[in-house]
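Chemist: Listed below are the residues making up each chain.
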Amino acid sequence: MTRTDESKSERPPRRHFLEIFLGTGIVASLISFLYPVIRYLIPPPRSDLGSNTVLAANVGALRVNSGKIFRFGDKPAILILTPGDKYVAFTAVCTHLGCTVQYRPDLHEIWCPCHNGKYDLQGRNISGPPPRPLVEFDVHVRGNDIYVSRPAAS
Amino acid sequence: MEGKSPAQGGRLGWFPILACLAFCLAFLPGAGAQTAPDSCLACHSRLDPPLEVNPEAFAKGIHAQNGLTCVSCHGGDATSSDMARAMSPAAGFKGHIGRKQIPALCASCHSNATYMRRFNPSLRTDQFSQYQTSVHGQLLAKGDAKVAVCTDCHGLHDIRAPTDPRSSVYPLNVAKTCAACHADAAYMKPYKIPTNQYAAYTASVHYEDLTVGSDLSAPTCVTCHGSHGAVPPGVTSVVNVCSTCHVFQARLFDRSPHKQAFATMGLPGCVVCHSNHRIVEPTDAFVGTGKGAVCVNCHTRGDTGYVAAARIHRSLGELQASIRRSNGILTRAEASGMEVGQAKLELADAQDDLTKARVAVHNFNPVPVDKDVQAGLVITQKTYQAGVAALAERDYRRKGLGISLIVILGVVIGFWLLIRKVESRGQQEAKK
Amino acid sequence: MSAAAQIRDWLDERFGWNDLVSFLRHKTVPLHRYSYWYYLGGITLFLFCLQVVTGILLLLYYRPTPSDAFGSVQYIMTQARFGWLIRSIHAWGANLMIFTAFAHMFSVAFFKAYRKPRELTWLSGMVLLFLVLGFGFSGYLLPWNTLAFFATTVGTDLVGQVPLVGHWLLIFLRGGEDVTAATLGRFFAFHVAVLPGLATAFILLHLLLIQRFGISVPPSVEARWKANPFERREIGFFPNFLLRELMAWYLALGVLGSLAALRPWSLGTMAKPFASAPAGIRPEWYFMFMFETLKLLPARVGFMTGESLGVIVFGLAAALWTLLPFFDRDSRGRRHRWAAGAVVFALAYVLALTAYGYGVMAK
Chain A
24 MTRTDESKSE RPPRRHFLEI FLGTGIVASL ISFLYPVIRY LIPPPRSDLG SNTVLAANVG
84 ALRVNSGKIF RFGDKPAILI LTPGDKYVAF TAVCTHLGCT VQYRPDLHEI WCPCHNGKYD
144 LQGRNISGPP PRPLVEFDVH VRGNDIYVSR PAAS
Chain B
11 MEGKSPAQGG RLGWFPILAC LAFCLAFLPG AGAQTAPDSC LACHSRLDPP LEVNPEAFAK
71 GIHAQNGLTC VSCHGGDATS SDMARAMSPA AGFKGHIGRK QIPALCASCH SNATYMRRFN
131 PSLRTDQFSQ YQTSVHGQLL AKGDAKVAVC TDCHGLHDIR APTDPRSSVY PLNVAKTCAA
191 CHADAAYMKP YKIPTNQYAA YTASVHYEDL TVGSDLSAPT CVTCHGSHGA VPPGVTSVVN
251 VCSTCHVFQA RLFDRSPHKQ AFATMGLPGC VVCHSNHRIV EPTDAFVGTG KGAVCVNCHT
311 RGDTGYVAAA RIHRSLGELQ ASIRRSNGIL TRAEASGMEV GQAKLELADA QDDLTKARVA
371 VHNFNPVPVD KDVQAGLVIT QKTYQAGVAA LAERDYRRKG LGISLIVILG VVIGFWLLIR
431 KVESRGQQEA KK
Chain C
308 MSAAAQIRDW LDERFGWNDL VSFLRHKTVP LHRYSYWYYL GGITLFLFCL QVVTGILLLL
368 YYRPTPSDAF GSVQYIMTQA RFGWLIRSIH AWGANLMIFT AFAHMFSVAF FKAYRKPREL
428 TWLSGMVLLF LVLGFGFSGY LLPWNTLAFF ATTVGTDLVG QVPLVGHWLL IFLRGGEDVT
488 AATLGRFFAF HVAVLPGLAT AFILLHLLLI QRFGISVPPS VEARWKANPF ERREIGFFPN
548 FLLRELMAWY LALGVLGSLA ALRPWSLGTM AKPFASAPAG IRPEWYFMFM FETLKLLPAR
608 VGFMTGESLG VIVFGLAAAL WTLLPFFDRD SRGRRHRWAA GAVVFALAYV LALTAYGYGV
668 MAK
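Protein chains in written order, with the numbering used here: chain A, 24 to 177; chain B, 11 to 442; chain C, 308 to 670.
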């Protein structure tokens, strides 16, 4: 039994190396698992408001009688601060052939540059080829933020 | 007995009169529920056409709704159930109104602004004067009774307001009303004009907008021809008529070489390429030199117009294909879970440029078209690159995982070696 | 006394720690040419734990309503950091787990590990297999994309073909007549609460029974060892088998990571319930053999529809398969060979029809 004692006390360097190698490997693999998980747990800067609400702009970004195109999902939408100092928002996809409309401060109307279609500030199609009005969105001002959301089903 | 007056049953014969009276007496207690006693409808609701009048239809019509009765147009005495008295000239009975008298009769109220104000102050009162300028009115003045008069379009005893969907002149019904004569080849034979307009119109995009698209402002016959003053637009007026809606195209046409050329040749502007009634959705194949192109109807191979048309067609096709390519790669990236919403939004701008380029075709000059096309191509290039980047990012993730796989493999090997060591040591001990 | 020894004593005074440790230390696993099959059960358990962990992580961002579900999965894939990794691992892990569960079951069937006294282990295992298939079916709907929506419609339609109770089952599963928001809500509840609870209970039972009875040895090996006792080989559970088990788990992790990397799970397109079903709707591979069988049956068989008959046949087959230990009671004799034959036939059938299904789809 002396041999066994000797072999035990000698602690061959190869097995020692193996323990270190395996230990390091396990720790490394655990880190490579935990790192993504920890980063995943931290909420990203742009929180998920769902597909129905979007932060359109900040108060003060728009002057009276001007409009701004913003992204709603993957379609453009338009936010207007009317001459009457009220925020209104519509889809910016023209109901004729889908061009992106714009606000015309000189006309006080929403205008489509493709075929001269015009909508009033309630989204109604008043001139030119558009066959239907623009869908209107709800606007909520919370503090400094202007949120635009799809109208709730009535 | 000769020379008897109608009141004595002379001219009409006594038997029909007696029969009529007996008829009326038998059914008078149950005669129609008019607000005012109406002896006219009491009989005429039970006669055969052409003397028949449907009392319910008349009651629902706009004239009855506004308090007018048979007497308002035909005269006579509606309170009397005695036919002779009811239909006497002394009571102002006009009898059957001849076709040539109808416009003047209707105008006796409808052109009287003071009178019409009582009912609807915003209603126009110039219909008759307009009618007199129309082809229908002019032919009627010359003695042709076949042409349309007020009742042919608006109805006779069942007239509804034009805003009523059941009216024969409601926008959805106008074309059918006009077609009642204008599509009847036998009826229109003496006039030597085509009768295929209705068939052509129903194949058009204007008709589709009206019926399928439910756009009541879409053009129907009266939009271009006028309603009361109906006259086909002259060759020189066509562009003006179309331009009431198609402003941009008309403006560009006016500045283009085609305006002068068409005027010299007496060609009717827009109609030359787009037709007048069978106006279909123009595709990119319209402009160019290939199949379905209208340019080659006049231009021949090698002339300036031919070359320009070919170039325009090629430009449009290039942008169209580029948009499709970008859309394809972005859709692929999105379906594999990559975020490409911003790029898709920007691609819509390229589609806008294509739409504008198609309007710019009316310059009949490749240069302005190319301007819009180039703007669009810049965007499609950018969005295509965004799609490529998204797919590359997806692939990059694969490689990132490769590193952790190496670590895992290392651990597996480590375990295997450890097992060998542990067990050989165990075997050695066991052997002792 | 060292700190470790003090803790050990504290635990032993309250929980019998030393007994537990000595049991584990003396637990052995038989070693023979078929020992590799023993790992499948452990791998399935490991994958289940992985599914629970990744599932909980997904739960932080997922929203179970038709208007939000697809968008939330898209958010996980595109905005949440490493969300694409978590989701791909969860999706591939599910498939891998079902595969190893089936493999484990077939290996147990082949080696007749269900024979006395392990009948209850087999029964609890069968329950777990059904639960796992339920996990797969309910989870598949959650992203609310087109394929999932229509696969669920077809799947629940088939459940409706069960005679007598079929329609009631269909209403219960769908939360109504059609696949709607109610269905998504139910499937979500099943997937994250009901099935995990049941699965945990049955896993604990399954593991307890395994500890009680030890690891089974195939009949041929058992016979040889009975004849020559000195040929019997065993390795200690701790550390030998455990090390091997850990190695197998790391290998499974490697396979899973490679799959997630090389073939990331796609998002698809959002479901539009009133649109018509796209061509080529088919279930996931683990239901393919049933799906193909039903398609091969004629439209009507006697007084019932082909599908009803198919559903009945499968129900009967599943029941008989579950009761296999009670049928195969002799250690030799006809029943023994019949059972063995049935196992081979079942495996061949599943493999053949799955391959056929994919072959047909490829056309």
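No wet-lab data here; the hints were simulated from the structure. Idealized CB from N, CA, C, for every residue including glycine. There could be a bad hint or two in this list.
Stated by the list, open to error - Which residues of chain B face chain C? A few of them, derived with a C-beta cut under 8 Å, are: (1) L166; (2) D168; (3) A210; (4) I339; (5) G412; (6) S414; (7) L415; (8) L419; (9) V422; (10) F425; (11) L427; (12) L428; (13) R430; (14) V432.
Said to hold, decoys possible - Okay, derived cross-link-like pairs now, BS3-like style, lysine-lysine, Cα gap no bigger than 25 Å in a straight line: (15) K431(B) x K334(C); (16) K423(C) x K533(C); (17) K141(A) x K98(A); (18) K152(B) x K110(B); (19) K533(C) x K602(C); (20) K156(B) x K202(B); (21) K98(A) x K579(C); (22) K98(A) x K392(B); (23) K269(B) x K381(B); (24) K381(B) x K431(B); (25) K392(B) x K381(B); (26) K91(A) x K392(B).
As the list claims (entries may be wrong) - Covered stretches of chain A, going by a simulated chain C footprint (3 or more residues, C-beta under 8 Å): (27) 53–65; (28) 73–82.
Chemist: Would you check whether L428(B) satisfies its interface hint, that is, whether its CB is within less than 8 Å of any CB in chain C?
Modeler: holds (6 Å)
Chemist: Take the shortest C-beta to C-beta distance between I339(B) and chain C; is it under 8 Å?
Modeler: Because about 15 Å separates I339(B) from the closest Cβ in chain C, which is outside the 8 Å limit, the hint is violated.
Chemist: Count residues of the region 73–82 of chain A with a Cβ under 8 Å from any Cβ of chain C, then say if the count reaches three.
Modeler: holds (count 3)
Chemist: Would the hint linking K423(C) and K533(C) be met if the CA-CA limit is 25 Å?
Modeler: Roughly 17 Å between the alpha carbons, so the hint for K423(C) and K533(C) holds.
Chemist: Is the shortest C-beta separation between L427(B) and chain C less than 8 Å?
Modeler: violated (10 Å)
Chemist: Between the alpha carbons of K381(B) and K431(B), is the straight-line distance 25 Å or under?
Modeler: Violated: K381(B) and K431(B) sit about 76 Å apart, past 25 Å.
Chemist: Compare the distance between the alpha carbons of K269(B) and K381(B) with 25 Å, and conclude whether the hinted pair is satisfied.
Modeler: Judged against 25 Å, a Cα distance of about 22 Å means the pair holds.
Chemist: Please verify that hint: V422(B), Cβ, nearest Cβ of chain C, below 8 Å or not.
Modeler: holds (5 Å)
Chemist: Hinted pair, alpha-carbon criterion (25 Å max): K156(B), K202(B). Please report holds or violated.
Modeler: Cα-Cα ~14 Å, so holds.
Chemist: CA of K392(B) to CA of K381(B), is that 25 Å or under?
Modeler: This hinted pair holds, its Cα atoms lying about 17 Å apart.
Chemist: When the nearest CB of chain C is found for S414(B), is that gap smaller than 8 Å?
Modeler: holds (6 Å)
Chemist: Tell me if the straight-line CA distance from K141(A) to K98(A) falls inside 25 Å.
Modeler: With Cα atoms ~20 Å apart, K141(A) and K98(A) stay inside 25 Å; holds.
Violated hints, in rising order: 1, 2, 3, 4, 11, 13, 19, 24; the structure is consistent with all others.
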